[in-house]
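Construct the entire structure; sequences and hints are all you get.
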Amino acid sequence: MSQNLSEDLKLKVLVVDDHETILAGTVEVIKKQYPNAEIITAQTAQDVLNLINNFQPNLLVLDLAIPEYPGVNPVIETGLQILRTVMQKDYYPELHIVVLTSHRKSLVQVRDEIEKYEKGGFTVADKTSLADFLKKVDWALQGISHTKDVGISKLELKPEWFQVLQLAFIEDLKDTEIAKRQYISLRSIKNYWNKIRDVLGVYPEDDKDIKIQTYKKAKEEGFIE
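Start counting the sequence shown at -15; every next residue gets the next number (our numbering).
Simulated from the structure, these hints should not be mistaken for lab results.
These numbers come from a predicted model, not from an experiment.
One thing to keep in mind: the hints can contain errors.
Pairs of lysine-lysine residues, derived as DSS-like cross-links and limited to a Cα-Cα distance of at most 30 Å, are as follows [to be verified]:
1) K100 <-> K195
2) K103 <-> K174
3) K192 <-> K15
4) K174 <-> K119
5) K158 <-> K100
6) K89 <-> K73
7) K89 <-> K200
8) K203 <-> K174
9) K132 <-> K192
10) K100 <-> K(-4)
11) K195 <-> K142
12) K73 <-> K119
13) K111 <-> K(-4)
14) K164 <-> K103
15) K111 <-> K192
16) K119 <-> K132
17) K203 <-> K158
Given below as structure tokens:
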């Protein structure tokens, strides 16, 4: 999803951080990049879940270390529990997630939830880099998963992902036909591609064709002949 498309769809963003200065700075950065976005904030887990239900954002920017409710010390487990909750809820039709944290390795605790997540992109951004943050927001809005620098993805493909590679690059089938072959939705196929590319370490580059890069990497790793 491009920036213009995000604006046309009236991007709704929920930014979560218990530090007011960081919270304000994050909001300012998002506003500058997406001027038409509607942005609200939260500082506790209690507020996050209420706002997601009522505001229904399509982008969640979450710091992991937040308090459960006012007056309680912020802990990483609280942020992880928020992720578990929002990624498992069936009534969130679309929610792209950007985790803004310096505690990346802790995300291994929600590896299963991340791997199964199909309702939006999931990326992890560097708190100290504005460029990295904006790139990861853009990727998340495109539905891209980026977890390799967290140590979540290993170089292994699930059987259904392997079959997608075979059907696409050996039988030259389009995604619509692959979806029919596998008896699943086109959205699921697109999610499979995101997961495959995350495992292979293939991400968008302005001057390169991502399908060609996916093919080259899959062949290099021996997933296709």
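The hints, checked one at a time:
1. K100 <-> K195: Since the Cα atoms of K100 and K195 sit roughly 22 Å apart, the hinted pair holds (cutoff 30 Å).
2. K103 <-> K174: holds (11 Å)
3. K192 <-> K15: Holds, at roughly 29 Å.
4. K174 <-> K119: holds (20 Å)
5. K158 <-> K100: holds (23 Å)
6. K89 <-> K73: holds (24 Å)
7. K89 <-> K200: holds (29 Å)
8. K203 <-> K174: holds (20 Å)
9. K132 <-> K192: Satisfied, since the Cα-Cα distance of roughly 20 Å is no more than 30 Å.
10. K100 <-> K(-4): holds (24 Å)
11. K195 <-> K142: holds (19 Å)
12. K73 <-> K119: Holds, because 27 Å separates the two Cα atoms, which is no more than 30 Å.
13. K111 <-> K(-4): holds (21 Å)
14. K164 <-> K103: holds (20 Å)
15. K111 <-> K192: Given that 30 Å is the threshold and the Cα spacing comes to 27 Å, the pair holds.
16. K119 <-> K132: holds (15 Å)
17. K203 <-> K158: holds (19 Å)
Of the numbered hints stated above, none is contradicted by the structure.
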